[in-house]
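> So the chains spell out like this:
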Amino acid sequence: MKEFNYLLGATLALASALTMSSCDDDDINVDDLVDTSFHGAILVNEGSYGNNNANLTLYSKDGTVSAPATLQGMGETANDALLASDGKVYVAITGSNAIAIASITSDAVPYYSIVNIPYQPRYLAEYGQWIYISCYGGYLVRLNKESASVDQTIKLEGAYNLEGVAVMGDTLYVCNSYKVDEQYNYIYLNDILTYSLKDSKLGPSKKTFVNPNRLTVMDDKLFVLGFGNWVDIPSQLGLVDIQTGETTFIANATRMCKSNGMLLFANCDYVNPTSFGMYDPLSGQVLDNPLPKMPEALKTSTVYFMSTNPKNGETLIGVSDYSNTSTIYHVGQDGTLIREFDSKGINTNNAIFLN
Amino acid sequence: MEIVYGLLVCLLPAVPACALAGQELNDTTMREVSVSATMPGRNTSSSMPVQQMKRGEMMELGMTDLADAIRRMAGANVKDYGGLGGMKTVSVRNMGAAHTAVALDGIPVSNSQAGQIDIGRFDIRHLESVSLAVGHQEDLLQSARLLASAAVLSLESRKPTFLKDRRWGLDAMCTAGQWGEVSPSLEYRQRIGDCTTLSVGGGFARSDGTYPYTLQMPNSKPMRLKRSNNGIWQYRTEAELRQAFRNRGTLTVRAYDYTSDRELPGHVIFHNVKDSHESLRDDIRFVQALYRQNLSHRWSIMAQGKYNHGRSKYRDEGVQYAAGYTQERYTQQEGSVCAAVSYRPHGGWELALSQDGVLSTLRSEMKYCPNPDRLSSYTALSARYGNARFRATASLVGTVINEHVQRDKAADDIRHLSPSVALRYTPWTGIPLHLRAMYKNTFRPPSFNDLYYRSSGSLDLEPEDAQELSAGITFFAGQAGSLRRAAITADGYWNRVENKIVAIPTTYVWKMRNYGLANMSGVDVTASATLTLPASMYLDIQGAYSWMRAIDLTDPGSKSYRNQLPYTPRHSGNAGLLLHTPWLNVGYTIVAAGKRYILAQNIPSNEVEAYHDHTLTLSRELKMGGCSLSVMASATNLLDNNYDVIRYYPMPGRAFHITLEFTL
Chain A
618 MKEFNYLLGA TLALASALTM SSCDDDDINV DDLVDTSFHG AILVNEGSYG
668 NNNANLTLYS KDGTVSAPAT LQGMGETAND ALLASDGKVY VAITGSNAIA
718 IASITSDAVP YYSIVNIPYQ PRYLAEYGQW IYISCYGGYL VRLNKESASV
768 DQTIKLEGAY NLEGVAVMGD TLYVCNSYKV DEQYNYIYLN DILTYSLKDS
818 KLGPSKKTFV NPNRLTVMDD KLFVLGFGNW VDIPSQLGLV DIQTGETTFI
868 ANATRMCKSN GMLLFANCDY VNPTSFGMYD PLSGQVLDNP LPKMPEALKT
918 STVYFMSTNP KNGETLIGVS DYSNTSTIYH VGQDGTLIRE FDSKGINTNN
968 AIFLN
Chain B
93 MEIVYGLLVC LLPAVPACAL AGQELNDTTM REVSVSATMP GRNTSSSMPV
143 QQMKRGEMME LGMTDLADAI RRMAGANVKD YGGLGGMKTV SVRNMGAAHT
193 AVALDGIPVS NSQAGQIDIG RFDIRHLESV SLAVGHQEDL LQSARLLASA
243 AVLSLESRKP TFLKDRRWGL DAMCTAGQWG EVSPSLEYRQ RIGDCTTLSV
293 GGGFARSDGT YPYTLQMPNS KPMRLKRSNN GIWQYRTEAE LRQAFRNRGT
343 LTVRAYDYTS DRELPGHVIF HNVKDSHESL RDDIRFVQAL YRQNLSHRWS
393 IMAQGKYNHG RSKYRDEGVQ YAAGYTQERY TQQEGSVCAA VSYRPHGGWE
443 LALSQDGVLS TLRSEMKYCP NPDRLSSYTA LSARYGNARF RATASLVGTV
493 INEHVQRDKA ADDIRHLSPS VALRYTPWTG IPLHLRAMYK NTFRPPSFND
543 LYYRSSGSLD LEPEDAQELS AGITFFAGQA GSLRRAAITA DGYWNRVENK
593 IVAIPTTYVW KMRNYGLANM SGVDVTASAT LTLPASMYLD IQGAYSWMRA
643 IDLTDPGSKS YRNQLPYTPR HSGNAGLLLH TPWLNVGYTI VAAGKRYILA
693 QNIPSNEVEA YHDHTLTLSR ELKMGGCSLS VMASATNLLD NNYDVIRYYP
743 MPGRAFHITL EFTL
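Chains as they are written, first to last, in this note's numbering: chain A, 618 to 972; chain B, 93 to 756.
No wet-lab data here; the hints were simulated from the structure. Keep in mind that this is a model prediction, so the values were computed, not measured. Among the hints, a few may not be true.
Derived pair list, reagent style SDA-like, types lysine to any residue, alpha-carbon separation capped at 20 Å [what the hints assert, rightly or not]:
id : chain 1 : residue 1 : chain 2 : residue 2
1  : B       : K687      : A       : K916
2  : A       : K916      : B       : G649
3  : B       : K313      : A       : N668
4  : B       : K603      : A       : P851
5  : A       : K796      : B       : G416
6  : A       : K772      : B       : G416
7  : A       : K796      : B       : W602
8  : A       : K796      : B       : Y460
9  : B       : K459      : A       : Y666
10 : B       : K405      : A       : Q800
11 : B       : K366      : A       : Y666
12 : B       : K405      : A       : V797
13 : B       : K313      : A       : G690
14 : A       : K796      : B       : A415
15 : B       : K318      : A       : N668
16 : B       : K603      : A       : G690
Make a model of the complete structure from these sequences and hints.
Following this line, the structure appears as structure tokens:
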């Protein structure tokens, strides 16, 4: 634990020396900021509905997982988290209408503080001194990192329930996922909204897959996961052409992450075995079975997150049954199992790599 | 030991049939008789475990609602979301609430949409008795639908009573309590002719539900908060006609109208404790009729019919809804008929045939709802043999369920045979010690919500299958010295529920699947006694204890394999004392449950602390000429314990209630 804290502190100090960077929900991998060795990760555990049991747990290099008492019971559904350039971990806690700002340093007991925001937060992206938060109701909330307070609330025209958010350059992209009508019918949308962060103006929206939910930026490319309608439109992964606004279908997928310059994705349709693929953004080719030596158990599990350490290519794959604590598979680049462990939290949905 | 019982039974044939209309007291036809014996109750004489509580006991022990009464019964697991308006369901021996049938005056209460009954709507002040049977009640002349259930909660409404030779009666009652609780009711009874009684009554209940509680979040100081969005407004109107015919037939017709508007507080959310804007309105109306007749000493018949109309409207507000709000409206209708006949050939035999037909419909303006209809047939063939020392009861229930929908695809039809057998053996003649055992196989069909609700509904669901095995011993002692009576029951059981219908996640969307397998084993012990004390005082003592091991056997690879099922305490029990004096009755009860787990995985972070809840009650009945006034004051949760039955649904702390009942 002590070793973990020292390493973590060093990483965060380095990270805080740097300022503006653009992040999407997978940019918690501070791949440009840290050295190459894998020492540990913060696991973000969503919790289960109704139980206020969102928490952060720590996975250290030696394979131990700790659950500091000060990072337990954080609230209702930790939906997203990112490690910001100030070295703090920002966690969107949806049901609690709150952002938890966690400080995990080498020389002190980790702790977090709560900033209540007016709407239910979903996903986070960093831009300059701010954290942009997508919220239900079509709102973007801007949190000032220095003052740890909300300094702007933006109602996006035509927006209903916002989900995944990403920043590329000075433009923010956010999924306008669905709306719920007066009769409790879910109407799935297919918009990615754009918002200029420089002049605070809504740009032209981009039509994409039904129920867009997650965005990932790789260099100058924007990837989207549309979750479909849960009935006859499956979950789809696509590449968004930010110039034309068109989305090119890549594969059916339910999860994605950046992985060694590629995009790793998994598809769990609950009918067929879970499958994995890799998209090469340079060639535009899809590689099937990119983890040939992965544990067999992954084929029959619900993959809830994947996160690759940018420095050594090792990946954490979390599976969930929505009831028990998650199992995490730590695998090498070819899928070889390095370690299997319990996350000590329910519905682990993210891992933040640290040195 | 001198044990005398049965005298009351012997007296019954002397009472003219029409005097049985509503069990009214009629001085012209019934002589005053002093009975100095005590009879064993159904708790100890039944072949299947049955526990019963009567109105007087429930009132004098300060029970505030039906859930409060049922959680004092061994083996009953009540899910109580707190407060007057909080949903309350009953699971018996942890088989699931959908396996517990609820009957009002012998006629099933149903909810085809949800598959389980919220018992919060029944007011114990207007019930004569409450009994909970594992398996079913012993009477063969009953609805086949009840015989098909794993457990039956039977509610008997109050019978009309008349003081002296008055031909009318009036009962006015009002309960008031903290947090805006007021529930007045008025009932008028009229005797029409010698054999007919008519009762008309109604009531209203409201509560703000803004009770204080303590929230302890990790790493912070305890906060004293108040529950919000927790109000309820209930209105009830009912009328009952009882007719006794000279052919020894009795007819009871009841019309019932109930409306409730409830705010739904939801669970307490850390950092956001006042965010709920949900509400639920229920309108339930039914008319039911029950006819019973002993055609001869060999033949008896029973017929019943019911029409139920229920509407519900759920509403929520928030920016996540395009219009700032959303609502779901549903209409359920159900018509049911039942006919049963029993025949006692000779030599202790009794045979019975019961047939139920039920048509249930669900309608909604929701786009997803296919407007399903369900036509169900239940046929039960039962037989009983009994002599002085041995009794055996067996039944076989055949169920056929046909589904139809107005659009899309309907679920497959269901056919199921449910056998049961119950034995009772008395080793020594004259000593009321009985050994009993039962086996029952039942099922519960998927509810409309399980099958059709949005994207979570699944058409290929199979019914849940439940096996029950139980064996026990009962003992009853009558008058002996200062002991008026004593009763003890102890039953061990083993249950298995297969094909459990559970919600399985599919990336953000939950699907109903037949997935679970659970085993329940345990012991239920009950004891009660009445002691005579000096100065015309006597003391009622009762207690119950349950030990239950209910484990998940679904997936050997799961982290919750062989773990205790959620919200199932390993130990639970209660105890109560009721001291009757010529001046005042004093009741004290304790209900306690051991630690439970909120989820299937038995890890410390999923634990819910054990709790104990104490109630003190003082009551007095004053007779004044031709009327009586009962006054009851109670303090519930006397020690002001802060506890949850369901985690983050805090229960009320110490509360004071007073009830006045004026009877003419």
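> Among all the numbered hints in the text so far, which are the ones the structure does not match?
1, 9, 16
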